[in-house]
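Trainee: One-letter residues, chain by chain:
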Amino acid sequence: MDNDKTSLVAYLAITLLTIFLAGCGATDPKPSAADRASGEVFESQDYFVVIARSGDTVESLAARFLADKNLDWMIEDYNGSASITAGQQVVIPKRPWNLSGVTASGYQLVPILVYHNLASQPKGRMILGAKAFEEQMRYLKTQGYRVVNIREFVDFVSQKRQLPRKSVLLTFDDGYRSFLQYAYPLLKELNFTATLFVYTDYLNAGSSAFSWADLKKLADEGFDVQAHSKSHGDMVRAAGEPANEYDRRLETELVQPRALFQKNLGFEPNIMAYPYGRQDDAVVRRTKERGYVAAFTVRRQGSPSFVDMHRINRSQIYPEMSLDDFIKNLNLFSQEQIK
Amino acid sequence: MRRLAQRFALATGLLCFAAACATVQEGPHQSPFENLLAPNREKAASLAAQGNLRGAGDAWKVALTIDPKDSIALEESGKIEERIKQAVADRLARGEDALKRNLYIEARNHFLAVLALEPSNREAFVALQTRVREVRQINHTVRAGESLASIAQLYYGDRSRSEVIWETNQLPPNPKLTPGSVLKIPEIPGLPFGRPLAPPVLTKPEVTEVGPSANPALVEAKEASDRGDYFLALATLDRFIGQNPRSGEALDLKRTILLQQGKTLLEQNKLGDSFTALTQLAKLSPKDASVSSLLTNVRSRLVQQHYNQGISLYREERLPEAVAEWRSVLQYDPGHEGAKRNIEQAERLLKGLQVRQQKQGR
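So the sequence lines, in the order shown, correspond to chains A and B. The first sequence begins at 0 in numbering that gives the first Met the number 0 and counts up by one. The second sequence begins at 0 in numbering that gives the first Met the number 0 and counts up by one.
Each hint should be verified, as a subset may be incorrect.
Taking lysine to aspartate or glutamate pairs in the DMTMM-like style, the calculated list, with each CA pair at most 20 Å apart, reads [said to hold, decoys possible]:
1) A:K93 - B:D66
2) A:K327 - A:E134
3) A:K93 - A:D67
4) A:K122 - B:D228
5) A:K122 - B:D66
Only part of the chain A face toward chain B is listed, based on derived beta-carbon distances under 10 Å [to be verified]:
6) Y46
7) D172
8) E188
I should point out that these hints are in silico values taken from the structure, not numbers from a laboratory. For clarity, every value in this text was computed on a predicted model and none was experimentally measured. Ideal Cβ positions, reconstructed from N, Cα and C, are used throughout, including at glycine.
Using the sequences plus the hints, can you model the full thing?
Mentor: Pasting the structure below:
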């Protein structure tokens, strides 16, 4: 009987020990990667971390986790690749993680391209052939560039918005109506947008110029229309130009477009492209005073987030440029060891 | 007794085991997601070793997303955040100090370092945007045969960057470079900077179109001129100049077009129209000796043409028309003695004829 009791106690002890061990083991499983179920999701204040399932793409993940497939660039840029494989650990930032685009290895640049007139055939220095324009736009599309609008760009240089790593801004100067024939259909097809900088004296001035009605229609469709002065005169004071005369002239160039925009388009422009890209401290100061929050030059280089907001760089695209020449204007990053 | 001993031994064993288990639960958290955490830990450690604190901090945050209780991530993340905080404060202070001493390159480096650590830091961003001037540039001494495009190719590997050199040095459109003059070559973000990409290769001087983009009105005028439609070209230009009386570019273009027009009309032997164009040109370029010379030449030919035409008409006894031609001579050359004499003679004859006709009429 004693033996029986002893056996029972021993049995109970072993059972308890086994249960206890099993319990301890359950808190420390150490699964292998293969054990993790695809589709598993972790979430914190800053990120989702997802174990990708078969068929997941940056677009589908952006739609699922960020509620907008157009935010796919956030996943692409954070993970350094647009391709995703099943079982891959994908980090999805829930919000912008680098507003200024500066990292330890350099800083982001946004190329801003300037076009003028377009025609079926190139001519002179300012009329780009439609074929070359199409080639350039399709290059941007196939290489994954993201055409941002000017408001997004201004937010970027105000440290209010992070832009995709491969952002580019398209601008068209002066107000040539050829935009409607050669650029508009292609931009719509590629889902690109653009900013039209127009000088108001040119509008309605014959068949080659935009009418206000053209601009109203384009603005209603989401194209940005902004100021390029009244007459396209050089805003920098000419040698020997009397101070009061210059003062009046500069004031007219900056102020008159605002009234005309308001009357014809229903809004005032708040961004300026300096005629010829020309400016100096006096022009910049007055441009700011007249309510323009940003202004553009034609200095051929990309713009970092911390660029002077009234001296933003742009690169003019000329008809004599080959596609390789064009590509040289698309620098996205300034490599610099920042320590 | 034996039974008691057995029970004691069992109870002791169980207590020991329970105590052991309790010790495990109170020690460092063993994450159930070790395999997912491992790459993030490795990444964080590697980035921290490279001095990329922000990258390391982000990697630890990803690790904590996977397991918020991961003790290693918690500890390391805290350490990194503290290091970032201290480094940001230090670099901001050093940036400000550099600015006070006008050491812009140094200030720029400090503020960039702050943004690399804390991309949303407003103070560093505003300092870079508004207070740090662009200063990284080197000097290039122009050699014979060089153009802005060839210099741009030399430093940037891209001829079209000549515009940046042009703008930085505040040069006139299509400048002629003088050997020995010094140009500032600024850094262009995203392009190599600091020394020429290749030894200078001297070529023939070349024409490079460098300068601001053209005004549409000026382009239109130029195109009309190229087509030979000088009237339209000048009308377009005059409208533009009316609004931009100080546009040097427009005035230069007007001079060019007037010269082309004057020469073309001269070739077509339309001397009067040529003279009109060249007279306008001479008013715009009063000190241009070549224009003055060309104008004198056309004037001489005009004078000769009208004078000879007058003689021909005189010989045909078409006196009023002959007088008109010689008066034209006097328009171009008010002191022309031959024209004056001929007009007097022709008018005397005309007067005589009139008197005779009146007598015959009676």
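Trainee: Hint Y46 (chain A) vs chain B: min CB-CB distance below 10 Å?
Mentor: Holds - the Cβ of Y46 (chain A) comes within 10 Å of chain B, reaching about 5 Å at its closest.
Trainee: Holds or violated: E188 (chain A) as interface residue toward chain B, Cβ cutoff 10 Å?
Mentor: 27 Å, violated
Trainee: Straight-line Cα separation of K122 (chain A) and D228 (chain B) no greater than 20 Å?
Mentor: 17 Å, holds
Trainee: What's the verdict on K122 (chain A) and D66 (chain B), does the C-alpha distance respect the 20 Å limit or exceed it?
Mentor: 63 Å, violated
Trainee: Does E134 (chain A) sit within 20 Å of K327 (chain A), going by the straight-line distance between their CA atoms?
Mentor: Between K327 (chain A) and E134 (chain A) the Cα gap is close to 15 Å, so the pair holds against 20 Å.
Trainee: Between K93 (chain A) and D66 (chain B), is the straight-line Cα distance small enough, at 20 Å or below?
Mentor: At roughly 17 Å apart (the allowed maximum being 20 Å), D66 (chain B) and K93 (chain A) satisfy the hint.
Trainee: With a cut-off of 10 Å, does the beta carbon of D172 (chain A) approach a beta carbon of chain B closely enough for the hint to hold?
Mentor: With a closest approach of 7 Å, the D172 (chain A) hint holds.
Trainee: Mind checking the alpha carbons of K93 (chain A) and D67 (chain A) for me, to see if they're no more than 20 Å apart?
Mentor: With Cα atoms ~12 Å apart, K93 (chain A) and D67 (chain A) stay inside 20 Å; holds.
This entry does not satisfy hints 5, 8, going by the numbered hints stated previously.
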